[in-house]
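Asks: Sequence:
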Amino acid sequence: MRIEYSWEGCFEYDRLDVGHSWYFSNSHPWRRISLEAKRGDVPIVKKTISPLLLTEAAKLYTDPLRSLFLDKAQKVSGKSVAETDWQLVGWLAGTNRNNNKVGRGLSLILNALVRQSTTKPFDLVSTFVGEHTTVEVRELGAHVPCWFYLRVVPFEDLDEYLVCFPELFLEKNEKGWALHNDVFETLKSLMHVRCKHHYEVIRIEQDDKKINVVVRDEAVITQYPKGAICGCIPVPGKCPRKEKRKEPEGVNSPEVVVTSPVVGKALVWLSSVWQDPYAKSVLISSPPGSGKEVFAGSIPVGNGRPTDKVFSLSMASDDQKGLERQLYGFAHPDGSIEDGLIGKASDGALFLDEVHQPETKDKTSAARASLLRTLEAGTYFPQESATEREVKNVLWVMATSKTPEELGTFKPVDFWTRMTHAQVIPHPLHFDTESVEVAVKKVVAAFFRTFWWDLCDNQYQIDPTSDPSKLKVNQIPAYWQQRTMLNVIVDGNGKPLDDGNPSDFASLFMKCILKKRMPLHEFSIRGIRSMASRLFAIAWSNVAQGRQPWLPGSNFGEDFEVIFNEILPVADLRPRQ
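As numbered in my numbering, residues 2 to 578 make up the sequence shown, in order.
Think of the hints as simulated: they come from the structure by calculation, not from any bench.
Among the hints, a few may not be true.
[To be verified] Simulated pairs of lysine-lysine, DSBU-like, Cα-Cα distance not exceeding 35 angstroms:
1. K393 to K364
2. K266 to K322
3. K403 to K393
4. K281 to K364
5. K247 to K266
6. K322 to K403
7. K239 to K102
8. K345 to K247
9. K364 to K412
10. K266 to K102
11. K403 to K239
Just so you know, these numbers come straight off a predicted model, no measurement behind them.
All chains, full assembly: derive it from the sequences and hints.
Replies: In structure tokens, the structure reads:
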């Protein structure tokens, strides 16, 4: 499904309003560019209409549709509703001024427009996976927070779909408007989408009382099948792969598995750091093998730091002088200064991994002691130089596998009190729930599917929702291998063809782990990735040699058993105690 539309609207900011909020003022009629929804290879809708004619009919079904979905799907516990950029209904449905308040994504853009006095275009990319939403705002300029995360009740913003695209849900008969028979399936397909808004500024008008900004919005909404199948969502950071698909289908940032409630809670805290323009020093404490590098890597990018100004250094070295030389730089015999990482990271960020190292007997680190002074004074001395230099707007991001209680024994103790933000992030497989065993199995399967998807995507640039008729000949065997291993037999819309397919390789993966009687909450994410990579190498070899993909009843379990016994003693996949 791919939906495109454009519209032009005016937003108003009242300088006397103590709420400091933007509101929709008025808008011009909007037009649909195109709407293409496919069942298999057959386009079912492609037309240009005026949805304003269907607004009243759509409004009548807003509550019944939401109830229909929540009754048939697993209900979300609690109701933590936050505003998003999905605000078209504010002016389409003619609601009052209080309901026309602009949400966070577009509000960021409007504020940036006024501050920078610019009319350059902006992009806003939102990704929705169930109750999870991440939003990236682009072209705001350096050092402006540009990402945030939201928890929303699914379809709390269903009104926009109904008002803008009622033909997805409604059909007209002799009695008037009625719901499509397959409306529930349509709702499920809209739970995992990516939406890209391209805003062009028409004009900015302001006086002592009000500010008015007129923008044109061109939006594209597409499905996000990886979110539906793997339970993952994009986060800021340097992308480990080169995405060849156009946006919004393509994702050019890392993704994390939000099936784990630990990850969702971590994103709530991370979003507060991304959005803090005054963040200076951030400490993340998380067990080994839990993926803390992805969380730490999200902070500089989400905070608006240029990716080419983000540097990293592992503190796990016994050569303290060498660490200080890398951090502070040094003076050449002729007096010139060779910049260290602190100098290179000016107006950027510096990530220090395993910052508690080295674990000497007295737990004292000369490098940490010198860093303490740098954090306090904002200055440093390059080695072999008497010239003091200033730390220029560096965001410090630090990660450790030690708990806060343990860090209190690592000297100098004052070092740990200089953090402006600090958070303990538990292992993604270690959480409390009513059914721990079932929940953890579900999370492990989600990680397995995510890693397998990435491996196949990086190797072949395909995904299990690709159109087989458009693939190259050498991609077709890998395509079926991908679909089989993910246990997702889908049609052209990414919709499963059957329920409870017995060829659940993620479950077989789980059974092999359980045979070893390993506590799942002690199994590292790094271990799951290693296993998936090794299995993928075998699958890739099978495809290259013209062999059949793994099928139900095949020797998958035997192959996995061999791999598990081979890797575990060498790599020690369980987190270190």
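Asks: Would you mind marking each hint as holding or not holding in the structure?
Replies: Right, here's what the structure says about each hint:
1. K393 to K364: It holds: about 30 angstroms lies between the C-alpha atoms, which stays within 35 angstroms.
2. K266 to K322: violated (38 angstroms)
3. K403 to K393: holds (29 angstroms)
4. K281 to K364: holds (25 angstroms)
5. K247 to K266: Roughly 30 angstroms separates the two Cα atoms, so the pair holds.
6. K322 to K403: Roughly 23 angstroms between the alpha carbons, so the hint for K322 and K403 holds.
7. K239 to K102: holds (33 angstroms)
8. K345 to K247: holds (33 angstroms)
9. K364 to K412: Given that 35 angstroms is the threshold and the Cα spacing comes to 6 angstroms, the pair holds.
10. K266 to K102: At roughly 27 angstroms apart (the allowed maximum being 35 angstroms), K102 and K266 satisfy the hint.
11. K403 to K239: Given that 35 angstroms is the threshold and the Cα spacing comes to 25 angstroms, the pair holds.
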